[in-house]
Every structure is written in structure tokens, then in C-alpha cells.
Amino acid sequence: MYFFFCVSHYLSPCFLFIFFFFFFSEKKHPMTNMLVFQVYDMKNWKLANLYKTFSRKKEVNFPQDTGLARCLSTLDLTALGIGSTLGVGVYVLAGSVSKTIAGPAVIISFAIAAIASMFAGLCYAEFGARVPRAGSAYVYSYVTMGEFTAFLIGWTLILEYVIGSASVVRGLSTYVDNLFNNTMRNAFETAAPIDISHLSSYPDFFAFGITLIFSAALAFGAKESSVANNFFTLANLSVVLFVIIAGSLKADITNWKTKPTCTDEKCDYGTGGFAPYGIAGVITGAATCFYGFIGFDCVATTGEEAKDPQRSIPIAIVASLTVVFLAYFGVATVLTTVLPYYEQDPETPFPHLFESIGWDWAKWLVTIGAICGLCSSLLGAMFPLPRIIYAMASDGLIFEWMGKVNSRFHTPLMGTFSAGILTGVLAAIFDLHQLVNMMSIGTLLAYSIVATCVLILRYEESEAYEKKGDRDPRTLRFIAKQLINANGLNHSTKLTSQIVACLVVCYDILCICIGITISIFIDEITSGKIAFIILLAVLLLVLIATLTFIYLQPSSGKKLAFSVPLVPFLPAFSILINIYLMVMLDKMTWIRFLIWIIVGLGIYFCYGVWHSKMRKDKRTKLSENGCDNGVTWETNNFPRLQ
Numbered sequence: 001m002y003f004f005f006c007v008s009h010y011l012s013p014c015f016l017f018i019f020f021f022f023f024f025s026e027k028k029h030p031m032t033n034m035l036v037f038q039v040y041d042m043k044n045w046k047l048a049n050l051y052k053t054f055s056r057k058k059e060v061n062f063p064q065d066t067g068l069a070r071c072l073s074t075l076d077l078t079a080l081g082i083g084s085t086l087g088v089g090v091y092v093l094a095g096s097v098s099k100t101i102a103g104p105a106v107i108i109s110f111a112i113a114a115i116a117s118m119f120a121g122l123c124y125a126e127f128g129a130r131v132p133r134a135g136s137a138y139v140y141s142y143v144t145m146g147e148f149t150a151f152l153i154g155w156t157l158i159l160e161y162v163i164g165s166a167s168v169v170r171g172l173s174t175y176v177d178n179l180f181n182n183t184m185r186n187a188f189e190t191a192a193p194i195d196i197s198h199l200s201s202y203p204d205f206f207a208f209g210i211t212l213i214f215s216a217a218l219a220f221g222a223k224e225s226s227v228a229n230n231f232f233t234l235a236n237l238s239v240v241l242f243v244i245i246a247g248s249l250k251a252d253i254t255n256w257k258t259k260p261t262c263t264d265e266k267c268d269y270g271t272g273g274f275a276p277y278g279i280a281g282v283i284t285g286a287a288t289c290f291y292g293f294i295g296f297d298c299v300a301t302t303g304e305e306a307k308d309p310q311r312s313i314p315i316a317i318v319a320s321l322t323v324v325f326l327a328y329f330g331v332a333t334v335l336t337t338v339l340p341y342y343e344q345d346p347e348t349p350f351p352h353l354f355e356s357i358g359w360d361w362a363k364w365l366v367t368i369g370a371i372c373g374l375c376s377s378l379l380g381a382m383f384p385l386p387r388i389i390y391a392m393a394s395d396g397l398i399f400e401w402m403g404k405v406n407s408r409f410h411t412p413l414m415g416t417f418s419a420g421i422l423t424g425v426l427a428a429i430f431d432l433h434q435l436v437n438m439m440s441i442g443t444l445l446a447y448s449i450v451a452t453c454v455l456i457l458r459y460e461e462s463e464a465y466e467k468k469g470d471r472d473p474r475t476l477r478f479i480a481k482q483l484i485n486a487n488g489l490n491h492s493t494k495l496t497s498q499i500v501a502c503l504v505v506c507y508d509i510l511c512i513c514i515g516i517t518i519s520i521f522i523d524e525i526t527s528g529k530i531a532f533i534i535l536l537a538v539l540l541l542v543l544i545a546t547l548t549f550i551y552l553q554p555s556s557g558k559k560l561a562f563s564v565p566l567v568p569f570l571p572a573f574s575i576l577i578n579i580y581l582m583v584m585l586d587k588m589t590w591i592r593f594l595i596w597i598i599v600g601l602g603i604y605f606c607y608g609v610w611h612s613k614m615r616k617d618k619r620t621k622l623s624e625n626g627c628d629n630g631v632t633w634e635t636n637n638f639p640r641l642q
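For the sequence shown, this note's numbering gives the first residue as 1, with consecutive numbering after it.
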């Protein structure tokens with residue numbers, strides 16, 4: 001059941017139709033009528049094709065004129081990516097992973113996580129060059145997968161950024177409160193205690209106020225908030241650089257070779273040395289460290305505010321991930337060489353480090369850096385949220401008023417404050433300890449969808465062939481030969497693009513199967529049980545075969561400002577890693593995610609389906625061409641951004 005649960009969350013019904021609909025649609029096969037669901041039109045009760053509704057796509061050629069001010073340079077975007085990614089994690093993650101998971105080999109874990117994140121980042125970079133619009137993965141999936149999948153991704157990203165912002169602002173409030181001996185906590189608990197499970201023990205009005213302040217800063221303009229973010233990011237990087245340089249003066253490489261002195265059974269610190277927890281610890285540490293790189297995708301939401309999005313977005317994503325990796329690598333190296341891994345403080349490693357070497361004055365610099373890091377993380381987490389809301393509202397999938405752009409500040413004012421109030425309420429009353437994984441599930445799903453989109457678009461029907469029309473026979477023999485490109489096609493056709501789409505769906509399902517197999521039967525596999533090893537080997541062989549068939553298909557050959565190298569292998573590897581990490585999330589995370597999706601589906605079917613801009617545009621064209629069958633359709637009354 002868990003397998004089908006994961007499949008239902010990752011693959012939309014659009015995917016499931018692909019296998020049957022692609023090859024029968026041209027011949028009007030009777031099965032087509034069996035598979036296409038019908039829904040009633042709310043205006044005239046005529047039946048409409050649900051599949052076509054779900055799969056309607058946005059045009060790729062977006063207008064360059066927009067009401068959002070194009071004011072962000074490549075440096076601004078890079079600082080935004082660094083600030084949203086390199087937050088408080090740099091002050092905590094290296095210490096906790098090195099002590100309990102990977103040991104000094106945490107530097108390898110960070111390298112693996114950085115490579116995996118870079119793969120996802122490159123996929124985002126290609127789409128940033130291909131689709132320079134606000135909305136990130138939402139717009140990307142709207143262009144390639146269709147409206148239903150795009151709504152699910154956009155709704156998931158809203159959840160990700162709301163919870164991410166709430167957790168950061170709550171952490172910022174807690175960090176500041178600790179500097180004053182928990183004065184705010186004691187006062188709020190006395191004035192308005194909360195005794196409800198899974199909620200905070202007190203309403204954090206300070207966190208709510210911080211959220212409103214940052215929301216106002218974002219509402220006043222992207223450039224103004226970008227200047228503040230650049231300052232926080234510069235201060236954060238300066239402190240990180242200080243930690244690396246100052247700590248290296250006390251570094252001792254022999255700490256990578258020492259063994260734990262604690263012999264108590266409660267002190268399970270592995271075997272000592274560079275990798276005390278073995279290869280498994282390094283891989284597990286990489287999965288944990290991967291979340292330290294989450295946040296760069298906010299750069300992809302700035303497509304309508306970047307001065308040169310097709311150039312700036314790819315550069316900013318790659319540059320920000322590179323800087324973040326160097327920072328993580330540097331602090332992890334300093335931590336594990338100055339102190340043995342088993343002496344690390346998993347919660348406050350840097351203050352503990354400087355206290356151990358007698359540099360108490362350095363703790364204040366680290367404190368300043370942590371606050372600046374949290375501020376930049378908060379800006380980075382809150383910045384893309386109103387942009388995604390704006391993109392979905394302007395497309396008619398959520399309420400129109402949330403996407404209106406203020407003529408003075410050139411920002412989605414109502415969307416910004418609505419998102420800020422929701423974030424502030426969550427930060428004030430919720431204990432986010434059990435919801436922290438919700439931030440990851442939305443991100444990983446978005447990463448997987450973007451990588452899938454890259455594969456599908458790279459093998460889409462070439463423009464030259466599209467003009468000639470589809471002349472490929474749809475016989476089973478011809479299709480089977482085309483799997484290995486025995487037909488000798490040099491350019492992608494409609495048939496080859498459909499084959500790739502089906503193969504990509506198969507690949508995604510195989511990744512889910514492999515992830516579930518490893519997560520459930522890891523003990524049996526590592527203990528050498530033949531049956532489970534054979535099962536995993538068969539799945540891997542089929543996965544490799546599927547990827548090989550994709551590789552053999554001709555690509556579209558379309559020239560882009562930036563293209564992902566090593567297609568299809570690099571996006572495919574990114575999909576495999578992301579799906580594996582999603583499968584490893586706990587069941588409660590999936591249940592909460594399901595509840596959020598159900599709420600979103602209610603909004604989509606009750607509002608989004610009927611107010612979609614794509615639907616209105618299509619109906620307007622049909623009416624103008626005299627194909628409305630007596631139905632009068634309103635023109636699109638969604639105002640263009642001004």
C-alpha cells in the first residue's frame with residue numbers, strides 16, 4: 001500500500017493517461033473513449049474532456065513586458081541564492097552530522113550532497129533560461145506537464161515556503177530570546193499559555209511581528225529587499241570566512257585519526273578515524289546534508305524581476321551553490337580538525353569550538369553571524385512565496401485578487417501580506433518540530449518535476465519536423481524498432497517524443513520502486529540475502545535499460561542560452577536521488593502532505609478549473625472562429641500586469 005501511496009503523490013493522473021492515450025489518439029482507437037473522463041461544464045452542462053483540461057499547457061513564448069520591476073542583477077540573484085541556502089544550517093549542520101552520523105567524513109557527505117544539489121540546480125538553470133517567468137517549478141511544469149500537475153507543484157511550493165519561513169522566523173525568535181535568558185518565552189507563557197498537543201507552549205508574538213516587518217520590506221519593492229538581503233548575506237559570509245580562517249590556526253589533522261575515549265555503551269561514536277560510521281554513515285550524512293542546500297530554487301522565481309533572466313538565473317544558481325558548498329566544506333573541515341568529532345556540540349558547535357580553545361570573544365561574532373544568517377534565510381524563504389502566489393493567481397488557478405501588482409511598488413502587495421500573515425500565524429502558534437520534513441517533501445517533489453521536464457522538453461518534437469506533419473507509422477513493429485532507433489531518425493518526431501515521455505514515466509516509477517525496496521529491505525540487502533539482492537539488481541537493470549532507450553532517441557536540437565550537460569544521465573540521476581530522499585521521509589509527513597493536497601484539490605476543482613486563463617483564452621478563440629456550438633464565452637478578464 002505504501003508503494004501506491006507514494007506513486008499517487010508523485011505522479012498525477014496526466015502521467016497515467018500517457019501510456020494509453022499517446023498511441024491510440026491518432027487512430028481514434030475505441031479504447032480512447034473508455035479512458036477519457038468527462039466533467040460537466042458549469043455554464044451549460046455540456047461535457048468537457050477532463051484529460052484535456054488537466055493537460056492544457058502554457059505557451060513557451062512569454063511576453064517580456066511585465067508589471068514587476070526588472071531590477072535584479074546577477075549579483076543580486078547570487079546573493080539571494082546564497083542567503084536563502086546558507087542560513088543557520090551552516091552553524092549547526094556540520095557539528096550534528098559529524099558527531100552522530102558521519103564523523104570527519106562529513107566533508108565527503110557535503111561533497112555528495114553538493115553534487116546532487118548541483119544536478120538539480122542545473123535543471124533549474126536550463127528552465128530559467130527556457131522560461132524566464134516568475135513562479136519557478138510551477139511555471140516549468142505548466143509549460144511541459146500541463147495545468148493539473150502545475151497546480152499540484154505550485155500548491156506544494158506554497159506549503160514548502162510557508163513552513164520554511166515559519167520555521168526560520170521561529171528559530172530567529174528563539175535565538176534572540178536565548179541571548180536574553182528566555183525573557184520573552186517566560187513572559188508569553190505567563191500571559192497566554194497554550195496547552196494543546198503539537199502546538200507551541202506559548203504564542204510567539206515576537207515571531208509574528210518579525211514576519212510582518214519582513215513582509216513589509218518585501219512589499220515595498222524587490223530592489224529594496226534585495227539590498228537588505230545583500231547586507232545580511234555579506235555579514236553572514238564574513239563571519240563564516242572568519243570561522244574558517246581563525247579555526248584553521250588551531251587545526252590538527254591528527255583529529256581525523258583519533259578514536260573515541262568514551263567506553264560507555266551510551267557513547268556510541270563508531271570506530272574512530274576519518275569515517276567512524278562507515279560508508280553507510282557517509283551516505284546517510286549526505287542525505288542529511290542535502291537539506292542544507294535547499295533554498296537555491298528561489299532564484300528561479302525571479303524570472304520577471306531579473307534584468308537578464310536567461311543569462312543571470314543559470315549563473316546565479318551555479319554560483320550560489322558553489323559558494324554554499326565551499327562554506328560548508330570549510331566549516332566542516334575546521335570543526336573536525338580543531339576538535340575530535342565525538343567532542344562536537346551538535347546544537348551550537350561554533351560557540352563550543354571557540355570556548356574550547358579559549359576564544360570566548362569569538363562567540364559574539366558567531367552570534368552575529370547566526371542572526372544575519374537567519375535574517376537572510378528568512379528573506380530568501382519569504383521572497384519566492386508571493387511570486388508563486390502571483391503566478392498562480394495571474395493564471396487564474398487561485399483567487400485573482402492575490403495576484404494584483406501594486407502600481408507604486410511593482411510588487412504583488414496583497415499576495416505578499418497574505419503570505420506574511422499566514423506565515424506569522426504558523427510561526428506564532430505552531431511547534432514546527434514535527435513539521436520540519438514538510439519543507440523537504442515539497443522541495444524534493446519540485447526538483448523531481450523540473451528534472452522530468454528537462455528530459456521531456458529535450459526530446460520534444462523538433463520544429464522542422466512539426467511543420468511537415470506526423471508521418472511516422474504507429475505499428476507495434478515500428479515503435480519497437482524505434483526504442484533502439486533502428487529506424488535511423490536524426491531529428492525528434494512526435495512519435496519519438498511520445499516514446500520518451502512514456503519511458504520517463506517508467507523511469508520515475510522504477511525510481512520509486514528502487515527507493516521503497518532499499519528503504520524497506522535495507523537490512524536484508526546488506527546482510528547478503530540473495531532474493532532481495534536479485535530483486536534490487538533486476539530493478540536496477542530495468543532502470544538502466546530504460547535510461548538507455550531514452551539516450552538512443554533523437555533530441556530536438558533546440559538552441560538555448562543554457563543547457564544541462566550529459567542529458568539524459570544527469571537529470572535522471574537527479575530524479576533518482578530526489579525520489580529516494582522522498583521515500584525516506586516518515587509516514588506522518590506524507591499524511592500531512594496528503595491533507596494539504598486535498599485542500600488544494602478542492603480549490604482547484606471549485607475555482608481554478610473554471611477561472612483558468614488558459615481555458616478562457618481557448619474558449620475565446622473558439623468563439624471568434626465560430627466553433628463555440630452556440631455557447632457564449634466571456635473574454636479573458638484577468639488584467640495584464642501594469
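Certain hints may be false.
When the alpha-carbon atoms are kept at most 25 angstroms apart in a straight line, the in silico PhoX-like pairs for lysine-lysine are as follows [unchecked claim]: (1) 559 - 57; (2) 494 - 481; (3) 307 - 481.
Pairwise CB distance ranges (calculated) [claimed, not checked]: (4) 175 - 519: 45 to 51 angstroms; (5) 606 - 52: 33 to 39 angstroms; (6) 190 - 561: 56 to 62 angstroms; (7) 488 - 542: 22 to 28 angstroms; (8) 522 - 231: 21 to 27 angstroms; (9) 326 - 175: 21 to 27 angstroms; (10) 175 - 253: 45 to 51 angstroms; (11) 253 - 526: 38 to 44 angstroms; (12) 183 - 421: 24 to 30 angstroms.
Because the hints were derived from the structure by calculation, they are not lab data.
Here a beta-carbon is modelled for each residue, glycine too, at the ideal position from N, C-alpha and C.
Hint check results:
1. A distance of roughly 21 angstroms separates the Cα atoms of residue 559 and residue 57; the hinted pair therefore holds under the 25 angstroms criterion.
2. Distance check on the hinted pair: residue 494 and residue 481 sit about 15 angstroms apart at the alpha-carbon level, within 25 angstroms; holds.
3. The suggested pairing of residue 307 with residue 481 is violated, with an alpha-carbon distance near 47 angstroms, which exceeds 25 angstroms.
4. Between residue 175 and residue 519 the beta carbon distance is about 34 angstroms. The supplied range of 45 to 51 angstroms is therefore violated.
5. Here the CB-CB span from residue 606 to residue 52 is close to 19 angstroms, at odds with the stated 33 to 39 angstroms.
6. For residue 190 paired with residue 561, a C-beta distance near 58 angstroms keeps the hint of 56 to 62 angstroms intact.
7. Between residue 488 and residue 542 the CB atoms are about 26 angstroms apart, so this pair conforms to the stated range of 22 to 28 angstroms.
8. For residue 522 and residue 231, the hinted distance range of 21 to 27 angstroms is not satisfied, since their beta carbons lie about 46 angstroms from each other.
9. Here the CB-CB span from residue 326 to residue 175 is close to 25 angstroms, well matched to the stated 21 to 27 angstroms.
10. Between residue 175 and residue 253 the Cβ separation comes to about 33 angstroms, which falls outside the hinted range of 45 to 51 angstroms.
11. Residue 253 and residue 526 have their C-beta atoms about 31 angstroms apart, which leaves the hinted 38 to 44 angstroms range violated.
12. A C-beta distance of roughly 26 angstroms is found between residue 183 and residue 421, which places it inside the suggested range of 24 to 30 angstroms.
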